[in-house]
Amino acid sequence: MRALRDNLALRAAAWVLFVAAVCGAAFFGQKCLFALAYTWNGDWTTTYAFERMLMDREGQVRDYLQYQVDLNAGELDFLDREQYSTWLEGTQAALAPENTNFRYEILSEDGSEVILTNGSETDGSLEEQVTGVFYGVLEVQDGQVLLDSKGDQAAAYSSTESSMEGTVIWAVTERAVLRCGVLQPDQMTAQDEFYDLSTLYDTYADHFTWYVALLSVFLTGALLLLLFLLWAAGHRPGEEGIVLSSPDRVFSEVWLIALLFGTLLLFWTLARYEEQASWWVNRGDQDMFPVLLAAGTAAAGAWTALAAGFLRTVTVRLKARALARTTLLCRVVMFLGRRLWEFFRDLPLTWKAVLSFFLYVIAIFFADHLWPFRYWYPLPGVIINLAVLLGLCWWSAGFWRVRKGTEVIAAGNLNHQIETAHLPGDLKRHAEALNNISGGLTNAVNEQMKSERFKAELITNVSHDLKTPLTSIINYVNLLKTTQQTDPTAREYIDVLDRKSQRLKKLTEDLVEASKASTGALAVNREKIGLVQLLDQALGEYEERLEGKHLTVVRTVPEGECYVYADGRHLWRVMDNLLSNCAKYALEGTRVYIEIFRGKGSVGLSVKNVSRDPLNVPPERLMERFVRGEESRTTEGSGLGLSIAKSLTELQGGTFQLVVDGDLFKAIVTLPQSS
Amino acid sequence: MHTILICDDDKDIVSALDIYLTSEGYQTLKAYNGKEALKAVEQNEIHLILMDIMMPELDGIRATAKLREGSNIPIILLTAKSEDSDKILGLNIGADDYITKPFNPLEVIARVKSQLRRYTSLGGAEKSPGLLTVGPISMDDSAKQVTVDGEPVALTPIEYNILRLLMNHPGQVFSSAQIYEQVWNDPAYGSENTVAVHIRHLREKIEINPADPRYLKVVWGLGYKMDKGGV
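Quick note, the sequences are listed as chains A and B, same order.
Throughout, my numbering is defined as the position within the first sequence, counted from one, plus 63.
Throughout, my numbering is defined as the position within the second sequence, counted from one, plus 4.
Because the hints were derived from the structure by calculation, they are not lab data.
The reader is advised that the hints may include incorrect statements.
List time: in silico DSBU-like cross-link candidates among lysine-lysine, alpha-carbon distance up to 35 Å [unchecked claim]:
hint	chain 1	residue 1	chain 2	residue 2
1	B	Lys229	A	Lys647
2	A	Lys518	B	Lys15
3	B	Lys91	A	Lys647
4	A	Lys569	B	Lys91
5	A	Lys568	B	Lys229
6	A	Lys663	B	Lys229
7	A	Lys612	B	Lys221
8	B	Lys85	A	Lys513
9	A	Lys563	B	Lys70
10	A	Lys671	A	Lys647
11	A	Lys579	B	Lys43
12	A	Lys579	B	Lys148
13	B	Lys70	A	Lys568
14	B	Lys91	A	Lys568
15	B	Lys39	A	Lys591
16	B	Lys117	A	Lys563
17	B	Lys148	A	Lys569
18	B	Lys229	B	Lys85
19	A	Lys569	A	Lys579
20	B	Lys221	A	Lys544
21	A	Lys382	A	Lys467
22	B	Lys91	B	Lys232
Can you build the whole structure from these sequences, using the hints too?
What follows is the structure, encoded as structure tokens:
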């Protein structure tokens, strides 16, 4: 089927066949029409042509009588007499039984006597010979023979009128009766027009069924071919989908105009054709039929070909969904509509609102006060108001949805996507922008979490790998120390190695802890613990180290225990880091102020000390990893202490704050109070 | 003369430990993965095993589990994994002690000695009345003497009293104030970090690694307790 469709030669042949079929259908259609024209009213004697012929013959009879009357009147000069005699003879010859199948008899007014006839008595009476008897009344007035044809209605002509006395001679007979008719076809002897008509009728009557059958065959064939052609139209061998050929690319209007012009031409032709055909048909004259048939077939074929071409291109355009695109009017309308819509769409929202309002006011005015709508007042206005109300509801519902979605995103659910289907234009754009933001944020947060986790894992793994060689270093340094070096320089070097290896050890431990704390990879077991107790325990641990640096601790705690909700081990690490910071960086011989104070639902702990070195780093930087008050990195400490302390405090739901005021360093840890 | 099996895939660590242990008078055997360790245990009489966890072929945890099927040789795990979960796993599987890398060789020797003393000499020591024991720590209240792994430890009276209080109630947490009131028989006002300092001194005397106590534990923010050993 597909191969059939894509065969271009086959399609060309189909076109030719189609036109041929249309021509055939037109040809036999005309034949049918002709046949119908002859057979519609019954047999051949009821045709219009028969009537005309009979009338002609009756006229001939009248003329024959007229010539006789004129000649009998004796008022003609010689030349006229000669002329009339010739005519009389010609008419007589034409009416002679051997020349015509028309039979007539003229009866006296009372019908008792046959005055004139062209029939012979041997053939029987007129009624026996002819297909039907037609009557007429002949009258002579002022020398003019008048014929009043009565047709075959004998009743119309009544013998009651025949009261007048009448004799043989025309000249004195004022009224006579004409009876006439045409011989039965089987009795016809002359080859006249009646014979021709009878034969013609028989031919059409016999062949009518054939004409109808052939007409149906051609019509069906043409229809099937057209369907095939329309189905195949637009396809090309070796190409998918519908391809527009050049006739399909011209504007549809061109085709439409061509079709209109063709149709007008067809109508004009049909009018002329009808005129000619009826004339010739009514004459029963077949001589012009071939010309008529040829002309009719050509006209019908040409128009149908044009119409089929139009149908084909419309079909192709419809199949390719290009009808609107290839129609000039549609394009103009669409272009204007789009421009108008774009203009409206790109207006600022305020202008849109104002414009919409004025449109609404105008619409209401028209609906309430203008003619066709005023008739139904107030229905149109109510409908418009309802529509506007629906529109407003739509807008509000959309806005509500966007607002709810935004709240969900703002609450932290970055994966939330606002449903943008069925939202009004501006809100839709707004919602899409919000979705993009939330998508971007989600990606960013995911990326960050992934990289943090990766970092934590990396640090853990690296620290494991560092620990093994570090173990060897520490061990062998220790072994070196036991070898009793006599060279003081060597002993000094070994000491350096020892210190640095110990520092490295501390650093790797802190590194793992810092990464765990900052990524939240630590288990937190929070319980009710006493902060004062913890502070005293911590101070107990640090007493000697602080004393060694000549630091005096000034401890200020409120009356009674301050219970916080925290993880004791993590909180100890916070305290540990803060106190070790004091031991490392506080100016020797100064005081360290440690205070515990109750806040609103929280308990605070502050550690204040004077830094040995100037703190030229902002407090935020101090809490970053690997940042120390001094940048030389020669002193002990990893630079991770404050970062760890901050992360651990936050893990326990607390806050960690640093204040730097000149050399005064102050750390404030706030933890949630335990109920 | 005790034989110690050192098992670690890092040969330098093995030889360093070898040097330390040999200098302490122990006989050593070396293995570089879990399988070799199992083979060495089959073929020799071994009194203690130092075992790394992350090793090729057979790791320390599996090797320990295998060894525990038919032997009660003390096993000390040497591990670079310092997470609590790793320590708990090692101890539950049957290890007697653990040391995290990078370790202090002196601590290793101290722990080896402690384990050996308990394995060889104190294994079946009968309990006499008035003798308090928590892990390797024993307190003879009648003689006012405290021993760790059989070695006597010199304590001040306050330290002794604190230790006795805690050892009488192993596992129970005492706050600084409670300890002060019970030991000093005084209200705890102004005691502040006195108890904490004493406890730290006490820890330094009875614990191998005072920074990572096994028995006398600090419960931060609550107080102190005596633990029967573990993490």
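Hints and how they fare:
1. B:Lys229 <-> A:Lys647: holds (30 Å)
2. A:Lys518 <-> B:Lys15: holds (30 Å)
3. B:Lys91 <-> A:Lys647: Cα-Cα ~31 Å, so holds.
4. A:Lys569 <-> B:Lys91: holds (19 Å)
5. A:Lys568 <-> B:Lys229: Holds: Lys568 (chain A) and Lys229 (chain B) sit about 29 Å apart, inside 35 Å.
6. A:Lys663 <-> B:Lys229: Holds. Lys663 (chain A) to Lys229 (chain B) sits at ~33 Å (cutoff 35 Å).
7. A:Lys612 <-> B:Lys221: The given pair, whose Cα atoms are some 27 Å apart, holds under the 35 Å limit.
8. B:Lys85 <-> A:Lys513: Given pair Lys85 (chain B), Lys513 (chain A) holds - Cα atoms ~23 Å apart, limit 35 Å.
9. A:Lys563 <-> B:Lys70: violated (39 Å)
10. A:Lys671 <-> A:Lys647: holds (14 Å)
11. A:Lys579 <-> B:Lys43: Status violated; Cα separation ~39 Å.
12. A:Lys579 <-> B:Lys148: Not OK: Lys579 (chain A) and Lys148 (chain B) at ~46 Å, beyond 35 Å, violated.
13. B:Lys70 <-> A:Lys568: holds (32 Å)
14. B:Lys91 <-> A:Lys568: holds (19 Å)
15. B:Lys39 <-> A:Lys591: Measuring from Cα to Cα gives roughly 48 Å; hence the hint is violated.
16. B:Lys117 <-> A:Lys563: holds (29 Å)
17. B:Lys148 <-> A:Lys569: Violated, because 39 Å separates the two Cα atoms, which is more than 35 Å.
18. B:Lys229 <-> B:Lys85: Between Lys229 (chain B) and Lys85 (chain B) the Cα gap is close to 26 Å, so the pair holds against 35 Å.
19. A:Lys569 <-> A:Lys579: Holds, because 15 Å separates the two Cα atoms, which is no more than 35 Å.
20. B:Lys221 <-> A:Lys544: Holds, at about 32 Å.
21. A:Lys382 <-> A:Lys467: violated (45 Å)
22. B:Lys91 <-> B:Lys232: holds (16 Å)
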